[in-house]
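Generate the whole structure from the sequences, applying the supplied hints.
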Amino acid sequence: MTIQSTDPTSLWERAQQAGINRRRFIQLLAFGGAAAVLAACESAIPSPSASRVVSSASAAASASTAPSASEAPAAMFVKSEEPFLKVFDTELGTPWWQQTSFVTPYEHFYVRNRYATPVVDKSSWELRVHGDAVAEELTLTYDELIALPSVNAPRVMECFGNGRTVNREQLGYDVMGGNWVFSDVSQGEWTYVPIQVILDRVRPTSNARQLLFWSGVDGPDTGRPIDMTEINARSDVIGLAYKLNGVDLPSDHGGPVRAIVPGWGGAASIKWLTEIQISSHGFWTRMHTREEVYIGEDYPPEEPGPDDEFLGAVAEDIRGQTGKELFVKSWLAIPYVIRISEPAGNYPLEVGEVPQLVRGPQMVRGYANAPMSGIAQVEFSIDDGDWQQATLVPPFDLPYSWVRFEFEWDAPAGTHNLRTRATDSAGSVQPETVVFNELGINCNAIARFEVEVA
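Here the sequence shown is numbered in the numbering used here, starting from 87 and rising by one per residue.
Everything labelled a hint here was simulated from the structure, so no lab data went into it. Glycine included, C-beta positions come from ideal geometry on N, C-alpha and C. Some hints could be false.
Said to hold, decoys possible - Okay, the calculated beta carbon distance ranges per label pair:
1. 238 with 166: 21 to 29 Å
2. 227 with 166: 29 to 37 Å
3. 388 with 501: 43 to 51 Å
4. 230 with 449: 45 to 53 Å
5. 483 with 207: 36 to 44 Å
Okay, structure coming up:
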């Protein structure tokens, strides 16, 4: 699909006709340009296959088209928005300074959507697996999917925007994107069917190049391709999730079924999954051309292949390199001081306000994440002093999960800064700074937490 450049005035008129409010229009225009606005305005865009099956509880959707804007629920979310940071209209950040548990409760699990949450009826949901690089096509109902061999394991889910605020507040980088601070990460107990189970049924051919996870339910352009080399290397880890923390996968988190790609930024774990396509050619989507990509002088744009397929994107959208693996990172369970940028709604501190602690002995706690390799150690520094060893809190040896840590501090009166530094099992150490990229994604620079002790 080729989208032509459009005058902003007429674009706004078209957006209004499609029921898009002004704030949403500005958000789409800022992050995806005219192509994103036009894509959102389309009442339906065909999926990669002409016979994709989609169903919605809010309105019956066509078997070959995505639901229109009028079929979305009246609210942006199903869950209560009360405890969360209001990052954007469709984005809720976890109040990380309140977190102590190894598994994040559903009530505090962050939500990063592009469109309003759709409610999909699992009784009529189907998944189609097909493509020119499979020996046999497959269609599964919900009951058929959950009857397949499954695993149940804690897996961290982290968006590439987690930590973006450090770009602005400490590094002086002018980056685009939501001010998540450290609210864009949670850990769930996921029940899912490993993708290998599906591959065994469809038998990919030797020329299989990419696997495309596709939704098209929340909006007309939601999908993400992954190279088959990555799929094959971790086919027992990547999968199709249908439960979160022991309950049927909630709508806000992609229910009834979503992809789960542990160790990668959350954008790869496509929600409201309806289709998997395995192909001999590559795919390009909004999720890895205009969003979740490294854009800057150090990131020359990737080159599409001559036979590659564009879905909700065009070749001109490719401006950088696709974000994949998450980097080693740590943060404290303390509100982060914001002085330069604008805090998200419901943030506990005003601009420039410093959190208060009571003087004397106390336990300082935090989280560290290095899902691809695991955390080896976490160190802490008070007022730029020597690095000291923090204590890792069990369990801390589970793959693709975060680690809690803690250290004792006899806090004297005054203003202090606390820093933590994580090292993963591969030897990568959390850095003082990072290379600039326009969207500020995957920022793992050491964060400086300022506190006032009285």
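Sort out which numbered hints this structure fails and list those numbers smallest first. none
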